[in-house]
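Whole structure, please, built from the sequences with the hints as guidance.
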Amino acid sequence: MYSEKVMDHFMNPRNQGEITEADGVGEVGNPTCGDIMRIFLTVKDNIITEVKFQTFGCGAAVASSSMATEMIKGKTLEEAWEVSNKAVAEALEGLPAIKMHCSVLAEEGIHKAINDYRIKHGLEPWVEKNPHSHDHHGHEDETCST
Amino acid sequence: MTAERIVYMDHSATTATDPAVVDAMIPWFSKGYGNPSSLYRIARESKTAVEKARSQVATALGAQPDEIYFTSGGTEADNWAIKGIAFANRKKGNHIITSAIEHHAVLHTCEYLEKQGFSVTYLPVDETGQVRISDLKDAITDQTILVTIMFANNEIGTIEPIAEIGKICRERGVYFHTDAVQAIGNVAIDVVAMQIDLLSLSAHKFYGPKGIGALYIRKSVRIDNLLHGGGQEKRKRAGTENIPGIVGLGLAIERAIARMDEQNKRVSALRDRMLDGILKNIPNTRLNGHPKERLPGNLNVSFDFIEGESMLLLLDHFGICASTGSACTSGSLEPSHVLLATGLPAETAHGSLRLTLGAENTDEDVDYVLEQLQKVVIRLREMSPLYADHKKRSCNV
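First to last, the sequence lines map onto chains A and B. Per the working numbering, the very first residue in the first sequence carries number 1; after that it's consecutive. Per the working numbering, the very first residue in the second sequence carries number 1; after that it's consecutive.
Hints listed in this document are in silico derivations from the structure and should not be mistaken for laboratory results. Just so you know, these numbers come straight off a predicted model, no measurement behind them. From the three backbone atoms N, C-alpha and C, an ideal C-beta is built for every residue, glycine too. Be careful, since some hints might not be right.
Claimed, not checked - Simulated pairs of lysine to aspartate or glutamate, EDC-like, Cα-Cα distance not exceeding 16 Å: (1) B:Lys-219 / B:Asp-66; (2) B:Lys-392 / A:Glu-18; (3) B:Lys-391 / A:Glu-18.
Stated by the list, open to error - Ranges between beta-carbon positions, derived for each pair: (4) A:Ser-3 / B:Arg-5: 22 to 32 Å; (5) B:Leu-287 / A:Ile-98: 24 to 34 Å; (6) B:Thr-141 / A:Lys-129: 49 to 59 Å; (7) A:Lys-5 / B:Pro-27: 21 to 31 Å; (8) A:Met-1 / B:Gly-239: 27 to 37 Å; (9) B:Pro-283 / A:Pro-96: 24 to 34 Å; (10) B:Asp-190 / A:Glu-4: 44 to 54 Å; (11) A:Glu-90 / B:Lys-137: 54 to 64 Å; (12) A:Pro-96 / B:Ser-30: 32 to 42 Å; (13) B:Lys-375 / A:Pro-125: 33 to 43 Å; (14) B:Thr-240 / A:Glu-70: 40 to 50 Å; (15) B:Glu-111 / A:Glu-21: 45 to 55 Å; (16) B:Asp-126 / A:Ile-47: 32 to 42 Å; (17) B:Asn-225 / A:Pro-96: 37 to 47 Å.
Said to hold, decoys possible - Not close to chain B: a few residues of chain A, all C-beta gaps over 10 Å, as computed: (18) Met-11; (19) Glu-18; (20) Glu-21; (21) Thr-49; (22) Gln-54; (23) Gly-74; (24) Lys-75; (25) Thr-76; (26) Ala-91; (27) Leu-123; (28) Val-127; (29) Glu-128; (30) Lys-129.
Written as structure tokens, this is what we have:
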């Protein structure tokens, strides 16, 4: 069901943990739906110098969190904002269709963490250019029913 | 690198075919290939083998051989029982009663019948997964033609009060079907004493082959055919008989009944020791299903703050085969309908684990699973934001 890359990131997650004094924190998902991702960022001179994640969810959710954090580490906030769920899924050598929402959560988690940083610094939050049409597993206030 | 050791604890999904059963089946693939509908000797031998198996199944259920019909498995048997009763008795009424925790072979069949104009009542269950007799009594109307309630639940192992349900149905003149796929070989069944009109079973749940099952239909029950074609199975179930499968089913059920008491005693002791170990060593954990009225090998436990699929992947890494619920729903994102029906919150249902023990499991298996499971739960909780929040709350109290 899962690619070797997904299993590698699930079995050996990169950047797992918490940054206690994070500059930005983003949380997405819903325990009712079975997925929650929390992304922590440390930002210096507009560059993400440290990133950690906590995830409650399936193998794809853990692997997506791990891969997404790898992909944004060392990037500027603008570059990190552009990392799409598709890019995360491709880097994982694909996800089953039923699990693509996990990569969406990773993208959203990063966006939330970046906007949390921006708001804390008195900046306007960035607006999603292509908001995902979430029928499932997208927002904290949505139910799981499809 | 994955573990070389394999500990199979998913016997509710399927069982390994008993080698004695395989041996009994093999000749019927090669020398005994005659079609039992033909007239020559090798065909008659096939026919004799089918009738022997029919007697073996009947004996196991306390039924008569001519009340046993072979099917392709439990799903076909459930479909035949429910659709067959519904369509044959439509003039009498259009109401069917089932429970909220049935297998999808029953639930989806009932949903199909709703689209055909039938009305279905889905009885709730209590927190242990049992149907309340008072709810059943209240639900039966003069339009009710069928009650279909499973004998034992495939996820949480709860055994339903079948004899009581049978008594009520007989008194009210309503047919009673039970999906006994999980119960055969684990629970003593007597269709006459329990007043069961139709019963479904499947061989691969009791160390028989896959792709073969049976439906018991009490004599005089009015039922339509599901499959139409040739005149096999007394013109009730068309299709050339699966002779090796039928032979395997017959022997498997005979052997399962013969060793049932001894195996139940051994397996339930292993199961209880595992439960004690889990509850003692892993906090924030609970047993799902009935504490006593449950299948001997079934253990269904929820672990707070973690998700089931991740647990399964890590257990698989250690060579442990388990399930988060029904194997049929492993492609679904929704939490188990059974656990939700018992009142479990969705987030807890997501963290459920089903371990079903069977013939080959040992004390060493239990020790190994306990050791690895504890590691897996700790590892996933360390990753979980829900557990991080829980720890912070605990520190602040």
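Beyond 10 Å from each Cβ of chain B, as asserted for Met-11 (chain A): It is violated; Met-11 (chain A) is separated from chain B by about 7 Å at its closest Cβ, not greater than 10 Å.
For Ala-91 (chain A), is the shortest CB-to-CB distance to chain B above 10 Å, so the non-interface label stands? Nearest chain B Cβ is 19 Å from Ala-91 (chain A), so the label holds.
Would Glu-18 (chain A) pass as off the interface with chain B, using Cβ distances and a cut of 10 Å? The claim breaks: Glu-18 (chain A) does not keep its Cβ more than 10 Å from every Cβ of chain B (closest is about 6 Å).
Given the hint of 54 to 64 Å, check if Glu-90 (chain A) and Lys-137 (chain B) actually sit that far apart at their C-beta atoms. About 58 Å separates the Cβ atoms of Glu-90 (chain A) and Lys-137 (chain B), which means 54 to 64 Å holds.
CB of Asp-190 (chain B) to CB of Glu-4 (chain A), is that within 44 to 54 Å? holds (52 Å)
Quick check for students: does the CB of Lys-75 (chain A) sit more than 10 Å from each CB in chain B? holds (23 Å)
Hint check for Glu-21 (chain A) and Glu-111 (chain B) - Cβ pair distance inside 45 to 55 Å: holds (53 Å)
Look at the Cβ atoms of Pro-283 (chain B) and Pro-96 (chain A) and judge whether their distance stays inside 24 to 34 Å. Taking Cβ atoms as reference, Pro-283 (chain B) and Pro-96 (chain A) lie about 33 Å apart, which means the hint holds.
Given the proposed pairing of Lys-219 (chain B) with Asp-66 (chain B), does the C-alpha separation stay at or below 16 Å? holds (8 Å)
Verify that the Cβ of Gln-54 (chain A) lies farther than 10 Å from every Cβ atom of chain B, and report whether the claim holds or is violated. Violated, because the least Cβ-Cβ distance between Gln-54 (chain A) and chain B comes to about 4 Å, which does not exceed 10 Å.
Given the hint of 40 to 50 Å, is the C-beta distance from Thr-240 (chain B) to Glu-70 (chain A) inside that range or not? Violated: the Cβ-Cβ distance is about 57 Å, outside 40 to 50 Å.
Assessment of proposed distance window 22 to 32 Å (beta carbons of Ser-3 (chain A), Arg-5 (chain B)): holds (25 Å)
Figure legend: structure checked against the earlier numbered hints; hints not met, in rising order: 7, 14, 16, 18, 19, 22.
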